[in-house]
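Asker: Residues per chain, in single letters:
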Amino acid sequence: MVDQYPAIVLLAPFFAAIAVSLLGNWKSGFCLPLTVLSLVISLMSSIALLGQVAESGEVVYLLGGWPRPYGIEFRVDPLNGLLLVVICTIALLSSIYSIRAAAVETPDKCPQFYTLYLLLVTGLLGMSMTGDAFNLYVLVEVASLTSYALIAMRSKRAVLASFNYIIMGTIGASFYLLGVGYLYMKTGSLNMVDIREVLLESGLYTSETILVAFMMIMVGVWIKMAFFPLHGWLPNAYSYAPSTASCVLAPLVTKVTVYVMIRMMFTVFGPEYVFVYLGWSDVVVWMAIVAILAGSILALAQTDLKKMLSYLIVAEVGYMVGGVWLANETALVGAIYHVISDAFMTLCLFLAAGAIITKTGKYCIKDMEGLFRKMPWTMVGFVIAALSMIGIPPTCGFFSKWYLINGGIEAGNWGYVAALLISSLINAILFFRVIEVAYFKKESTDSDKEETVSGSSGVGEPPLTMLGPLLVTAVCLLLIGIFNQEIVILIRQAVSSFGPLGFIG
Amino acid sequence: MRALGTIAVILTGALLLYASGDFPAWGEPYSPANDSRVSRHYILKSFEETSVPNMVTAVLADYRSYDTLFETVVIFTAGIAIISILRGPVDKRVRLRRASEKSLRQSNLILAQTCRLLVPVIQMFALYVIAHGHHSPGGGFQGGVIFGASLILVALSFQLQTALDRISEKRAMILAGIGVLIYSGIGLTCVLLGSNFLDYSVLSKVLPLSAIEARSYGILGVETGVAFTVTAIMFAIYANLSSHGRMKGGL
Amino acid sequence: MILVDFIVSRFNYWIYIILMMMGLFAMIAKKNLIKKLIGMSIFQTAIILFFVSIGVKEGSTIPILAHEAAHDPAHQQAAPLTEKGEGHIQNGKGRDALRAEDYANPLPHVLMLTAIVVGVATLGVGLAVVQKLHQEFGSIEEPEILAKIDSDDG
Amino acid sequence: MVFLTCGILLFLLALLVLLRVIIGPTAIDRIVAVNMVGTQTTVLLILMGILFSRVDMFVDFALTYALLNFIGSLAAARYLLRTKPLRDTKITVVEVERG
Amino acid sequence: MIWQFNLIILGFLIMAAIMSLKVTDLLSASMIFGIYSFLMCLLWAAMGAVDVAFTEAAVGAGASTVFLVATVYSTKRKSSD
Amino acid sequence: METVVSSKPLLATLVSLLVVGPIILSRRRPNLRESWTFLAGFIKLGIVLSMLPIILEGGVIEWTLWEILPGLALAFRVDGLGMLFALVASTLWIVTSLYSIGYMRRMKEHSQTRFFAFFAVALSATLGVAFSANLLTMYLFYEMLSLSTYPLVTHHQDREARAGGRTYLTYLLGTSVAFALPAMIYTYMKSGGSMEFVSGGFLAGSVSGGEATVLLILFVFGFAKAGVMPFHSWLPAAMVAPTPVSALLHAVAVVKVGVFCVLRVITGVFGVDFLASLGAATVIVWLASITVLAASLLALTQDNLKRRLAFSTISQLSYIVLGAAMLSESALTGSIMHIAMHAMGKITLFFCAGAIFVATGKKYVSEMDGIGWRMPFTMFAYLLGALSIIGLPPFGGAWSKWFLFLGSVETHNIYLTLVLAISSLLNIAYLLPVAVRAFYVPPGKGNTKIDLHEAPTACVIPLTLTAFGCLALFLFPEILLSLARLMGEPS
Amino acid sequence: MNMILNIACLGLLTIGIIIFFGAAIGVLRFPDFYSRMHAAGLCDTMSTICLLMGLALYQMHDLSLPNLLVVGKIFFIVAFISLTGPTSTHALIHAGYQRRNRPPIRDSKAKEGSE
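One line per chain: the protein sequences are A, B, C, D, E, F and G, in this order. To convert a position in the first sequence, counted from 1, into this note's numbering, add 75. To convert a position in the second sequence, counted from 1, into this note's numbering, add 298. To convert a position in the third sequence, counted from 1, into this note's numbering, add 6. To convert a position in the fourth sequence, counted from 1, into this note's numbering, add 76. To convert a position in the fifth sequence, counted from 1, into this note's numbering, add 2. To convert a position in the sixth sequence, counted from 1, into this note's numbering, add 18. To convert a position in the seventh sequence, counted from 1, into this note's numbering, add 56.
Warning: the hint list may mix true and false statements.
Computed footprint of chain C on chain A; a stretch qualifies when at least three of its residues, placed anywhere within it, have a C-beta under 8 Å from a C-beta of chain C [as the list claims (entries may be wrong)]: (1) 224-236; (2) 249-258.
In the BS3-like style, the derived pairs of lysine-lysine whose C-alpha atoms are separated by at most 30 Å in a straight line are [said to hold, decoys possible]: (3) Lys78(E) x Lys546(B); (4) Lys503(B) x Lys343(B); (5) Lys24(E) x Lys546(B); (6) Lys37(C) x Lys102(A); (7) Lys78(E) x Lys37(C); (8) Lys78(E) x Lys154(C); (9) Lys24(E) x Lys154(C); (10) Lys441(A) x Lys231(A); (11) Lys434(A) x Lys231(A); (12) Lys37(C) x Lys80(E); (13) Lys231(A) x Lys154(C); (14) Lys468(B) x Lys102(A); (15) Lys24(E) x Lys37(C); (16) Lys80(E) x Lys231(A); (17) Lys154(C) x Lys102(A); (18) Lys231(A) x Lys78(E); (19) Lys546(B) x Lys231(A).
FRET-style restraints, in silico, Cβ to Cβ [unchecked claim]: (20) Ser226(F) x Asp379(A): 26 to 32 Å; (21) Pro248(F) x Met119(A): 52 to 58 Å; (22) Met119(A) x Ser44(F): 39 to 45 Å; (23) Gly13(E) x Met77(D): 52 to 58 Å; (24) Ile60(G) x Tyr328(B): 41 to 47 Å; (25) Glu346(B) x Pro122(G): 44 to 50 Å; (26) Asp320(B) x Ile71(G): 44 to 50 Å; (27) Lys441(A) x Arg469(B): 47 to 53 Å; (28) Arg16(C) x Ser226(F): 55 to 61 Å; (29) Ile71(G) x Leu95(D): 53 to 59 Å; (30) Asp379(A) x Leu309(B): 30 to 36 Å; (31) Ile71(G) x Ile308(B): 47 to 53 Å; (32) His150(G) x Asp379(A): 52 to 58 Å.
Hints were generated in silico from the structure; no laboratory data involved. Where a beta carbon is used, it is the ideal one built from N, C-alpha and C, also for glycine.
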């Protein structure tokens, strides 16, 4: 049992997906309990797995019993062990949240929705566990296909957004696949660790093919994670998607892709290639700086709440890419920590936005007046997430910013530090704009008065199934912040296994 | 958009051309990829280890069976995705029970007769492809597509409803689910028998087979699962795409 | 002959780049959504072409064990790797031992089977989305749809 | 060698058919040509099988090809049966304008 | 591998790809895409990738062309580019 | 110097936070609700007082919660400076609570529960800042204070409040994130992972003069609650708040937290001696001097009484910053004492302004002709408070001014002495006219109709108390002095 | 025996290619859809059958069981093509006819591009 944890983590949602699709047609009441049950199992075993990893180091699970270069294996180190827990937690929380929202937003499609949802989670879990470069592509496609469908479930603009996502997502995944092909051509292996060994042994660092492979993989992954100039698909896709779908897509997909980037950079190519041999980190960090600023500024221009949040994701991706490419341990730790904390922050914000939208039907920020009075607890969750985005202690956003800025200073990259600070300020403006509107009553003229009265009469707190996950996430934000030491120790354990990072500054 | 496309194309193309100078020559038997221990192991050892002469099948369904599981899942996902995208609010009022005789008569006689002749043959052949995947090209996926194509043929030469009478969309989806379940069920059986996921050799504990034969039969079982899913999904995709997801009328 | 060799040894890679770029251009620049999807398919097949080209071995046969080799236990012993260029046996018959050079590399084929399936699945979903868009907006041209969205907003 | 020449010849002839595909002018012409090339593919596949000396491996999917190619052209024919030709609408438009 | 075939098919492939992207009639485009697909199938057979060729044959002829035609049927046939 | 490990600082901080729950729960019963506030206030004061003896003996109380960053714990530490500040804050909370009950009920303000709840949170944050043992903990509570006072500042929830609140948060959050946070991280890196306040300065010796100057400027601007120009304009904007808020928070808690942080940075992070050796504080000296004079001049032009007091506060705060930046022992003592003295005086003035508003609805100085004899307690208290701020004996302010002058003389900088002198004159010019108008100018024509009377008792009692507090501070300054001296003398 | 087989095989292949050549020329050069269809439908099926027969004969060089199976399959393909070829031709012509593209009797150029 103990050595089967990696399989259980993945298989629980997977089997539940099949069961939901089989039983859901017969009786749709089965969908939700199965989903929640499987995610609980998955969460528990991922926590157990994390414990195992933290204690005894890397866990390798051979699928089909074939040893390393021949078969596919799961490799769980503290880094993706943590990510697994994060994925399971977030999936569980938003599945509870979806009880009501799914019934409102996608009626009669319950079994399909939950099947796709569970398959998405399976795909993401698989992406973070697998130790095989090609298998990663397949799982990326599983996750992408489900997200295309989840986004397109709503009508009108969501469909167009989904189409653009399909085009961009395919370009990204194909670039990744091509990069893997180039790697395979030169190394003859698909296993990540094996590729690294071959690269080191054969002295392939000077090869143009490897260079292009690296660039292709990076560009592909950047498209998938919506790194700034390649972000075009994300804002529309996430803001027009059904809120249940965006609650799981927005926190997880980009973050897992960032993890994939880290995996590729450090496990496959190795820091000595990426930082020492290529030495591009300055260029990429400056791109990240542009991404942070552009994302924040574009977010500032939005009037739609979910769209604003989506652009913030673009900025946050810049944080993480910049942190990873700063080429020192502090910044890398910060970036990984930010992956985790940002996942929860985004979840919290999207849950709150979803709750507001389902209860009031309002999308625009300026329509949200008086929300503190109508749904105080929702707004409490929103405020905590907002504080975390701004970076106020003791929320986790502060600590990730702390490590990132620390790393930026260590690398001597003041532009990155400045970008982080400016983006924090812009976040403050953004969120306090929302909070201000929600806190103050509209200056009511006579004609408005009746409207407000009639509007406010029906609006109250969302049901407990929506509020509960929101508040749990908010508490998680605080807990992750307060107990950041424990997480950081795990991350450091993982980072140290990447070998010495090339120091630039 | 054109300018953007041109720039992207030129940049990527230049990059790829730049790298192509570094490639080993096409068809070079001792290039790193072809001469790697992974590839050599598959060619030299796969028959020994799985008793399947078709190396592609052996690698596909045993060494990298986890990939293939998710390949099946991709297809399954695509089916569900298409249904969930195209299906509007369910319209329960008009639902033809069976294709009326009239519609059968309306369809072209020559086509109908040819189809009557062809469809069973195609289906038999599909089964052959599935089962013979160990020894010749083919296997679950190809057989499944052929089987699905035979159903599409029915729909094309009669009415969509005629094909739906044979296998309704709901049943198709259940079949698809069962297919994935067969695949993953075999994997899970291996776990329950005390080995890793998808390690078929452990099936020899319950079947009267040696470990190597068990691998071979495991592959067969897995291919069957793939075939189920692919058949059902191919047909479901066609049925949805050709009728706007309304399951009536259509191409 | 050297020229032919040179061309042959690179041609696949050039063509794959050309095809891929055509697909990429279509995906970005075409206005019609179905055209975009066709471009996407071309793009994906180009990558498949690249992968399959990796696995080709001069003078090898298809990666299915010849009948004799499979059923004669004596032939199943793998011989040590021989020097390059030792006889281009196109025929699976009459060999003493199993040699890796005789069979095309099966791994890219396996990968590409998966990639084809993924391609079909993506194409299917893409087509479904296009149909849905046509239902919603009555058009499959991107500019028209965007214009419709703008007029809805305004 | 014979088979190789034979195959190359077939390819070159297929080029002629492909020309028809390119110049069109209508969809149905293209479909005819496509169907023709499809049938030819079956032969080419078996030819390749002989060139590889592994006909038993190629014959299966030559068969598949023969079966499935039919479905493709059938779908196109079905499409043409079910829809109104493009020109009809044009004519009505012209007539309306005249009227 | 049979490099002679390989060369010829690659030339054809480019033609087919250009055509299927150039034609404004989407039904023709789908049919030409069918040609593209079976050229690919031939190419892979020529390169010895039998299983890939088989899959492409099944998918290209049986599935993707039909899907494209079905979609063109349910949407529009004319394309602006 | 003895070190006592005790959870008292934590308890003192948490008391008011814990009482938030009961306050919200008893929102339907105002009397119960406010008794919770008082209970917490007295407990808090009690805990603070119980720590006083140890501190006075030169001891230090420490309590570490847990390590939150490598080598950096969420920790509390009580020393003289912190003790003095905590004492002032917790005493004045009780007084203010009494005052706000009177004020809020009379004005029939809405959402009083929210008001009292956030008031309690703000107090927690204040004590947290006072007791924090390192820069990070301090920053944490500093931000908590900014955020928890936002609902108080915007309590009226009208357009003016919205604008004021926006300015308030923009300045406070913006500066803290943009300046204080990077400065803090840089400090953290330079010091090699430690941020504990030690009385020689933990950064001593590890930064160059230029770095120190930049860091110091970043800190002073970053803790914008200190109101050093040009980041001062949040303070007048925040005057849209109800008067009790302005009184406690903008005369005592918030602004004093700002200067307290600056003092901490100068004494605990850099160390007085280290700064003196680098000469890095000169910039701050001049910034503060300019602020002192400019704010006083601006105060003269204000007609709205609360705004006038706000500019006065800016000017007085810069005294404290100036005193700290002078880096002489007396000046430091003076500036620490000024925290208490100014708090006592200014809170009296604000109470009076509020009482006038409650009783007459008047906000502007020009309207206050002749109200002195109608509300004698209020205006008399105003007079006492004003004199204390100006620094005339026998009022508390005299002591701090005295030490500041002494410090400026010690630094041999005649300009600083001049600045202090001129600003004292300006103090007279902007504070006394109000009292003069109230007592000597007969009421104008328009005002005769209004029936003027004294403000509610719950308002009058606190302001009388604080007015006498000013007097008492002059007479019994020993405790404060010894607490301030603890910081001044190098250990 | 082998000689005869080889000659027959070669002959069949040649015939097949010639017929296919005819079909290709027909498809390329005939003026309208119906006549092109005629060329394609007839010759394509015929040439394919010839070619496949030729290849099948080549397989009969050594008559082992697997080889016979292959030959059988090739004949199967032949049967199929002779079934599907005419059917699809029929279907296409039917479709064209239903769309009221009457076969042009004389003036074929005028109807060029009908669709």
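Asker: All hints, please: hold or fail.
Answerer: Hint by hint, here is what the structure shows:
{"no.": "1", "hint": "224-236", "result": "holds (count 7)"}
{"no.": "2", "hint": "249-258", "result": "holds (count 4)"}
{"no.": "3", "hint": "Lys78(E) x Lys546(B)", "result": "holds (19 Å)"}
{"no.": "4", "hint": "Lys503(B) x Lys343(B)", "result": "holds (23 Å)"}
{"no.": "5", "hint": "Lys24(E) x Lys546(B)", "result": "violated (33 Å)"}
{"no.": "6", "hint": "Lys37(C) x Lys102(A)", "result": "violated (43 Å)"}
{"no.": "7", "hint": "Lys78(E) x Lys37(C)", "result": "holds (14 Å)"}
{"no.": "8", "hint": "Lys78(E) x Lys154(C)", "result": "holds (17 Å)"}
{"no.": "9", "hint": "Lys24(E) x Lys154(C)", "result": "holds (26 Å)"}
{"no.": "10", "hint": "Lys441(A) x Lys231(A)", "result": "holds (23 Å)"}
{"no.": "11", "hint": "Lys434(A) x Lys231(A)", "result": "holds (21 Å)"}
{"no.": "12", "hint": "Lys37(C) x Lys80(E)", "result": "holds (12 Å)"}
{"no.": "13", "hint": "Lys231(A) x Lys154(C)", "result": "holds (10 Å)"}
{"no.": "14", "hint": "Lys468(B) x Lys102(A)", "result": "holds (13 Å)"}
{"no.": "15", "hint": "Lys24(E) x Lys37(C)", "result": "holds (12 Å)"}
{"no.": "16", "hint": "Lys80(E) x Lys231(A)", "result": "holds (22 Å)"}
{"no.": "17", "hint": "Lys154(C) x Lys102(A)", "result": "violated (39 Å)"}
{"no.": "18", "hint": "Lys231(A) x Lys78(E)", "result": "holds (18 Å)"}
{"no.": "19", "hint": "Lys546(B) x Lys231(A)", "result": "holds (24 Å)"}
{"no.": "20", "hint": "Ser226(F) x Asp379(A): 26 to 32 Å", "result": "violated (49 Å)"}
{"no.": "21", "hint": "Pro248(F) x Met119(A): 52 to 58 Å", "result": "holds (56 Å)"}
{"no.": "22", "hint": "Met119(A) x Ser44(F): 39 to 45 Å", "result": "holds (41 Å)"}
{"no.": "23", "hint": "Gly13(E) x Met77(D): 52 to 58 Å", "result": "violated (22 Å)"}
{"no.": "24", "hint": "Ile60(G) x Tyr328(B): 41 to 47 Å", "result": "holds (44 Å)"}
{"no.": "25", "hint": "Glu346(B) x Pro122(G): 44 to 50 Å", "result": "violated (23 Å)"}
{"no.": "26", "hint": "Asp320(B) x Ile71(G): 44 to 50 Å", "result": "holds (49 Å)"}
{"no.": "27", "hint": "Lys441(A) x Arg469(B): 47 to 53 Å", "result": "holds (50 Å)"}
{"no.": "28", "hint": "Arg16(C) x Ser226(F): 55 to 61 Å", "result": "holds (60 Å)"}
{"no.": "29", "hint": "Ile71(G) x Leu95(D): 53 to 59 Å", "result": "violated (23 Å)"}
{"no.": "30", "hint": "Asp379(A) x Leu309(B): 30 to 36 Å", "result": "holds (33 Å)"}
{"no.": "31", "hint": "Ile71(G) x Ile308(B): 47 to 53 Å", "result": "holds (50 Å)"}
{"no.": "32", "hint": "His150(G) x Asp379(A): 52 to 58 Å", "result": "holds (54 Å)"}
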